[in-house]
Amino acid sequence: MSPDRTHGHGTTAGLSRPGLRGREAEVERLRALTETVRDGEGGAVALLLGEPGIGKTALLQETVSLARARGFLVSHGRAEELHELAPLASLASGLLHGDPPLLSGTDFADLAGHHDQRVRLVERLAQLIEERSAGRPVLLAVDDVHWADPLSRFALGVLPARLLSSPVLWLLTSREDPGLYGQGPLTTTFPLRPLSATALAELARDVLGADVPARVGDLLDGAGGNPFLAAEVLSGIAATGADGPEPPERLVLGVRGRLAGLRPDTLHFLRIASVLGRAFSLADAAALCGRPAAGLAAEVDEALAAALLHDDGERLLFRHDLLRQAVYADLAPSVRRALHREAASRLVAAGRSSGDAVPHLLKSAEHGDTEAIALLGAAADDVLAVMPDLAADLAVRALELVPARTPLAYEAGERAIVALTRAGRYTQARDTGDGLLARQPPLDVFARLQCVLGDTLWHLDDVHELTRRTTTALAAVTDPAIRARLTARHALARSRGSDLGAARETGERALAEAERAGDREARVLALWGLGEIALNAGDCAAAVAHHTALSVFDPAFLPEEAVALIHMDDFDAVRRLLRTAGDLPPRPAMLSWTQGTLNMGLGRLDDADADFVTAERLEADLQVPGNLVNLRVNRGLLALLRGDREAAGEHLDVVRATVADRPNTGNHATHRYFEAVVADADGDHAAAAELLRSVQRDHPFLRWRLLRPHVVQAVGIALRGGDRRLAEDLAAQAAAHATRNPTVPTARGTAAHASALVNADHGLLERAVDILLDGPRPLPLAAASADLGRALLTSGAAAATAALTRALDLYAQAGADAEADRVRADLERATRRPGRRAGRLRPRTDQGWEALTASERKVARLIAAGHTNRSAAETLVVSPHTVNTHLVSIFRKLSVRSRVHLARVVLAEDDPGAPAGD
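Once you know that position 639 of the sequence shown is 639 in the numbering used here, the rest is easy, because the numbers rise by one and skip nothing.
None of the hints are false.
Between beta-carbon pairs, the in silico distance windows are:
1) ARG136 to GLU371: 43 to 51 Å
2) HIS464 to ALA349: 49 to 57 Å
3) ALA512 to SER281: 52 to 60 Å
4) VAL207 to SER353: 41 to 49 Å
Quick list of in silico lysine to aspartate or glutamate cross-link-like pairs, DMTMM-like style, CA-CA up to 25 Å:
5) LYS893 to GLU646
6) LYS858 to ASP572
7) LYS893 to ASP621
8) LYS893 to ASP910
9) LYS893 to ASP644
10) LYS363 to ASP330
11) LYS893 to GLU650
12) LYS858 to ASP809
13) LYS363 to GLU400
14) LYS893 to GLU874
15) LYS363 to GLU51
16) LYS858 to GLU909
17) LYS363 to ASP381
18) LYS893 to ASP606
19) LYS363 to ASP382
20) LYS363 to GLU176
21) LYS893 to ASP39
22) LYS858 to GLU131
23) LYS893 to GLU850
24) LYS893 to GLU909
25) LYS858 to ASP846
26) LYS363 to GLU411
27) LYS363 to ASP389
28) LYS893 to GLU41
29) LYS893 to ASP846
30) LYS858 to GLU41
31) LYS858 to ASP606
FYI, nobody ran anything at the bench for these hints, they're computed from the structure.
Each residue gets a CB set at the ideal place from its N, CA and C atoms; glycine is no exception.
All chains should be modelled from the sequences, with the hints used to inform the complete structure.
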């Protein structure tokens, strides 16, 4: 053995199995990590990395034993190579088994009820795990994560962060770093290196006894420090002596030697089994062998006796995947391919799902295989909702197998376009569709393809191309349902254009066509288009009517109805509507955006920021950051209101990068406005006015819904930049918007405010304040009151103090510290009593109890009192996602890692007798 190959080693005390020789240091670290989680120090992730046979599974099993001995509730699952189409299979394999199981059959059935949405399913799973971990720590171990199904990988990427504060230890093994982790607990990585010479010598003595032949050391050198290969070498030496070839050839030859001694039927059985994967059911192997399961008893017994298989009571397993690979590698490629194809057919004939057969088809299907095409398509449909990327891959593979210029190509192509679009692979979806269109399909097929491509082009924000294509397709279509869908797509495209009157007529025609055709998809598209057109036109009442009808017809559009109501200032209706969404809404990111928009309107800046953080995290989880620019613009504007110029700059950097990556008209307008506000705050008023002018490059300022609440601020920027004409234009737009919405106090009040600034009219400022006093938004009222107070102060009117005091109170209550400080300075001038000058608000701190927002303190107290995220959310009437966002912020500000630590902090803060600083 080579003496220079070193690795951590120590005594064998405490090791539960000889396979852990040379892993004493890792075992000790894992033991310490287990005890840290058990003792309430928060969640943790342990990742065991290394090549096959390096000892990952042995360490995982040892940690499972350690955890059980320390009172953990254990879930021990394994990902398998041929099970990637079974959603959540890798996690479920452990969740449903155990003593006791982490989840009951009823729990899992409840999860299945959320199978149509990844975020909803994972959030429900998080709630169940959180409830279990409230009474005892939990270990979630998953072996061979490199083979995990996409939904399990998604869950493993989200759940550690979601359960950050719970006593949950995640123990994962993989051949390479799977890169699953976001803002979760600290990950401890264990890269498993080859065993040291000392460990190999100890392993040799375990197998061969104290008297180890000298040649054994040279043979073990050939194992490269791999424990499994070394153990196989030693087993061979124990059986046949020290003479023979070097490993790893010894492993393959050794397996061949074992196979050569088997009966032909057993050999055939094992080769078929190697095609089914490391773990397989006897029934599947029997079906592929064409024999009854009872008739394979002799073959199974012989394979078990040869130490090639292991029986876990439910399935048969190759004792190690390297053994399966050795058997599999001994099959000729053409034989492997044929066996995989036969396995797929047998599984289907036995009544198994397409998901069971498809992994074999991916290794065997040939061009023109119609059964494979149908099964791949069915599997793509089955997994589309929860694993869209996998669905897209399956649909594309099915299309590749279809002979060109056959009707089946267009059916498979339509499925591929839909799946690719759902997966966010928009360019590939468009290219796939264009390739099919280039084949000059029949006119109705042409129209269908253009219809499904409409969704792709909408997501690409290519409304000009969408308009062109829908116009062309409408000239060819004969199917009434497809005509209605195309007309609705056309209306949606025109909602982004300048002629909104014509767009509305198109939307109304689409709705009439959808009702005549009885087509649900067309009706949804038409109502959505009409709502978008009305909101873009500033007709808020019509937008509410259309979006309410849409939400009743399809509850997934509830956020659109809520946003339309926000534009109507009907905040009470919005609150009632959001309560109906429940804790697992179908579009949680959009719902968090809506809640944030509502909180901005209510002047709850801290809560709004938390909602926007939540929405951004949910979009990042799904890898579809479609609303990132708007989220960061709003967060940047909030930061400026608070006086945090540094944070605003960070948000602006993200906006710039995102716009560069995905330029479109909406992103351009909101980005340029944010740039203008930042420039104005920095004192560069001329540049700010120039940026503000560029906001109107494509449409007037008030056309952009996100910017409507900021029209008064925009007027101020224009005036400070010396562009009176721009200020007048903006005020005129605000007046027109108020005329369209006479029942909306904010529309009327901001119009009066904007006009007052342009015309320096004190009377209009007073009117603006009077109108806004009847509205639900404190920040526009604060701004109007501040401007009125300043105007009155300039004229020497005593009423200035009352107006400025109202503005100060509103800004301070909202947390708009920068604006509050500006008004405070004006108020001090108005009172002219230096001895009574109120001090400025204390600077915000970012650490400690004082750094927590009011909502964060509520969450902290509820969690400290024993609430789960779900029950805390129900108490506060927010989503569990928002509670989790608050918890992440609380843990960071208080420098705590677990609910136990948090409870101690809350107890100290709420105990009036606690020492200062506790």
